Amino acid sequence: MLKKNAVVLVCVLVAVCAGAPQQNPQDVQILRFDSNVEPDGYSFAYETSDGTSRQEEGKLDNPQSENAALTVTGQYAYVAPDGKHYTVTFTAGPNGFQPKTSLGQ
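Numbering-wise, the sequence shown is residues -19 to -1, 1 to 86 according to mature numbering (1 follows the signal peptide of the UniProt record, and there is no 0).
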């Protein structure tokens, strides 16, 4: 189950990074990266020099039952090509992916 979750996590990260504004990758630096994987969940966070950031936490609910489910909460932020800052806060779980977007300056 944890391997499957890791594959899903990598796919989500690739999708988010691909959707972010494209710059010369040599200009962007990773300022912070934290990761923690436990038997019943995980968390990670990163921040880059171009204003992109992401924090996410996943927790396995009812791990000993047939109804075990992964609940994920988090947020990601980026600067759009027009210079506006966007933040997406989300929850994902048995009720699907539920994002809330906010526009900054």
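It is possible that some hints are incorrect.
Stated by the list, open to error - Here are the in silico distance ranges between beta carbons for each label pair:
id, residue 1, residue 2, range
1, A49, D8, 37 to 45 Å
2, D8, A50, 18 to 26 Å
3, T70, V9, 31 to 39 Å
4, L12, Q45, 33 to 41 Å
5, T70, S30, 16 to 24 Å
6, S46, Y67, 19 to 27 Å
7, D63, K40, 15 to 23 Å
It is worth saying that the hints were derived from the structure and are not from the lab.
These numbers were taken from a predicted model, which means no experiment stands behind them.
For every residue, glycine included, the Cβ atom is placed at its ideal position computed from N, Cα and C.
Structure-based check of all given hints:
no. : hint                  : in the structure
1   : A49 - D8: 37 to 45 Å  : 43 Å, holds
2   : D8 - A50: 18 to 26 Å  : 40 Å, violated
3   : T70 - V9: 31 to 39 Å  : 23 Å, violated
4   : L12 - Q45: 33 to 41 Å : 39 Å, holds
5   : T70 - S30: 16 to 24 Å : 22 Å, holds
6   : S46 - Y67: 19 to 27 Å : 38 Å, violated
7   : D63 - K40: 15 to 23 Å : 36 Å, violated
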